[in-house]
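Novice: Position chain B against the provided structure of chain A, taking the given hints into account.
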Amino acid sequence: MVELVAEQVSVTLGRRAVVRSVSARLRAGEFVGILGPNGAGKSTLARALLGLVPSEGAVMLDGERIATLPRKQIARTIAYLPQGQTLHWPLSVERLVALGRLPHLAPYSRISAADREAIARAMRVAEVDALAGRIATELSGGERARVLLARALAVEAPVLVADEPLASLDPAHQLQGMEIMRAEADAGRLVVAVFHDLNLAMRFCDRLLVLDGGRLVADGNPCDVLTPDLLAEVYGISAMFGTGERPGIVPMQRLR
Amino acid sequence: MRASPSLLLPSLLVLVAIAALLSIAIGSSSLPVSTMVDALTGKGDPVIRAILIELRLPRTILALAVGAMLGLSGAALQGYLRNPLAEPAVLGTSNGAALGAVIAFYFGLSNAWPLALPIMAIGGALASLALLFLLAGRSESPLTLILAGIAVATFAGAGISLALNLSPNPFAGMEVMVWLMGSLEDRSFDHVLIALPCIAVGMALLLWDGRALDALTLGEDGAAALGTDLARTRLRLLLGVAIGVGGAVAVSGAIGFVGLIVPHLVRPFTDRSPSAILIPSALGGAVLLTLSDVLVRVIPATTELRLGVVTAFLGVPVFLFHLMRERRLW
Chain A
1 MVELVAEQVS VTLGRRAVVR SVSARLRAGE FVGILGPNGA GKSTLARALL GLVPSEGAVM
61 LDGERIATLP RKQIARTIAY LPQGQTLHWP LSVERLVALG RLPHLAPYSR ISAADREAIA
121 RAMRVAEVDA LAGRIATELS GGERARVLLA RALAVEAPVL VADEPLASLD PAHQLQGMEI
181 MRAEADAGRL VVAVFHDLNL AMRFCDRLLV LDGGRLVADG NPCDVLTPDL LAEVYGISAM
241 FGTGERPGIV PMQRLR
Chain B
1 MRASPSLLLP SLLVLVAIAA LLSIAIGSSS LPVSTMVDAL TGKGDPVIRA ILIELRLPRT
61 ILALAVGAML GLSGAALQGY LRNPLAEPAV LGTSNGAALG AVIAFYFGLS NAWPLALPIM
121 AIGGALASLA LLFLLAGRSE SPLTLILAGI AVATFAGAGI SLALNLSPNP FAGMEVMVWL
181 MGSLEDRSFD HVLIALPCIA VGMALLLWDG RALDALTLGE DGAAALGTDL ARTRLRLLLG
241 VAIGVGGAVA VSGAIGFVGL IVPHLVRPFT DRSPSAILIP SALGGAVLLT LSDVLVRVIP
301 ATTELRLGVV TAFLGVPVFL FHLMRERRLW
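Same order as they appear, the protein sequences are chains A and B. Those letters in the first sequence? Residues 1 to 256, per the UniProt record's numbering, in order. Those letters in the second sequence? Residues 1 to 330, per the UniProt record's numbering, in order.
For reference, chain A alone in the conformation it holds in the complex (with noise of 0.2 Å):
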């Protein structure tokens, strides 16, 4: 089973300390969906569990420091979906997808057919077989976004972080997108998603770590942690707040 667990990871980007002393122990079959401000160290945080950027502390994979591991060692246990939709070459969306097994592409190896089945599977959940021929920098930005969303779990690896994997979807795919990361978690895998959206955090994570100015301020079950008195301090901002058979929180007011 696998395990990814940050040990007082910090991160300074120029002169700025963007992560601060952040420690969670990080298991596979949990939701864990990371919320906070914009700025808050989100990002790099998520970044500095791949061992993207160079941290303080420690980010131990399986029992190992992931500073030490090969690249490609990470890229088949942990498969990770960047913020924003960078695509420089205008491939068609199977080309794309088919990016995700580099990972498990022995040197000078042709894709076999377990790759194209992983594909198709990938392409299939996220429901984007329907666009395979088209090309994927022509597609708008919903689309996009699922069709790199299918590209990391094409990797099916135990392990998937996703940055801001919900961003530019209409409700219904914002939905489906968190269906699909919860049925993952649920087949095992560990999933980590940054994503602002405190109703559908609510629903589906099994758990949430809240960063405000790099600093984790709350890290539990989402019903414990999404209270008013956070909202105001974490974002400064009241919210009604529904109760028992109809939960939820709608933003109503600014407090600075």
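Among the hints, a few may not be true.
[Claimed, not checked] Okay, the calculated beta carbon distance ranges per label pair: (1) 164(B) <-> 107(A): 24 to 30 Å; (2) 319(B) <-> 134(A): 25 to 31 Å; (3) 197(A) <-> 319(B): 42 to 48 Å; (4) 326(B) <-> 229(A): 52 to 58 Å; (5) 229(B) <-> 196(A): 32 to 38 Å; (6) 107(A) <-> 114(B): 39 to 45 Å; (7) 17(B) <-> 134(A): 34 to 40 Å; (8) 30(A) <-> 140(B): 46 to 52 Å.
[As the list claims (entries may be wrong)] Facing chain A, a subset of chain B residues (Cβ under 10 Å, in silico): (9) 214; (10) 215; (11) 229.
Derived by calculation from the structure, the hints in this document are not laboratory data. All values reported here derive from a predicted model rather than from experimental measurement. From the three backbone atoms N, C-alpha and C, an ideal C-beta is built for every residue, glycine too.
Specialist: Chain B in isolation, oriented as in the chain A frame:
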């Protein structure tokens, strides 16, 4: 426009063969195929045999190899820098090699020992690479590398201008100018022996990282998360360009635009991933440069046209085509 990718390589190979045959057959005296075959298999007129093997064959081999190197390095750099306008000149490699050659001219080294010129050119390419690494530091952003490359290219260009400025007499300056325009005239097997090993090493290094280039479609973080060691990829790629293009410029002079044009010509026939255009660009570069070199021999002119001039003229319509497509006029 989407032709079948499986037909691309065979068609390019046929074109390479045709270009090579034309290059051997056409010159100041054109030869029929039967005479060529006789000469190359050791029969027939010994004079014709000497012309073919001593004069035309090295020229053909160099045109194919230099063209392939320029095409491949353009494709690899466009993929690595994720910039469709990248070519070896962008990183200062071509200018660095040219400066090395100009220094050999300027101090009379090339008169004392003809091979000093190509060797100094390769030295110049490697020196430009060292300077590039010094300026770019550990940054992995393509923009840093392009800025550092422009600085290196400008510096080497200034050095070339300085040499022309200080040249003792107009003839010395003219000699340098003519060399800079690029040519494969009067090349021997000595030149082949200098250029080929460099080009072979350069091409091997550039063909190594096709998958890393594909992964870079997703940006640096995306590529690293797919298992790419970005620092090593960069080292192999830049070394490959410096050694290979250094060797090419050493024997041919500065030939622009091949590295820029060819990837654009072959890309529409592939799935457009950076790895898919590497080998086609090498073949396409070989065809383009060999045919350009045939062209300079058949165009009637009082002095033979320089190869770099012809490729520069060929570059213009390709840019116009892209411009029109950007403006949606096509």
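Novice: Determine for every hint whether it applies to the structure shown.
Specialist: Structure-based check of each hint:
1. 164(B) <-> 107(A): 24 to 30 Å: violated (47 Å)
2. 319(B) <-> 134(A): 25 to 31 Å: holds (28 Å)
3. 197(A) <-> 319(B): 42 to 48 Å: For residue 197(A) and residue 319(B) the Cβ distance comes to about 46 Å; the hint holds.
4. 326(B) <-> 229(A): 52 to 58 Å: holds (54 Å)
5. 229(B) <-> 196(A): 32 to 38 Å: holds (33 Å)
6. 107(A) <-> 114(B): 39 to 45 Å: Hint holds: Cβ distance 41 Å, inside 39 to 45 Å.
7. 17(B) <-> 134(A): 34 to 40 Å: This hint holds: roughly 37 Å between Cβ atoms.
8. 30(A) <-> 140(B): 46 to 52 Å: violated (32 Å)
9. 214: holds (6 Å)
10. 215: holds (6 Å)
11. 229: Since the shortest Cβ distance to chain A is 5 Å, the answer is holds.
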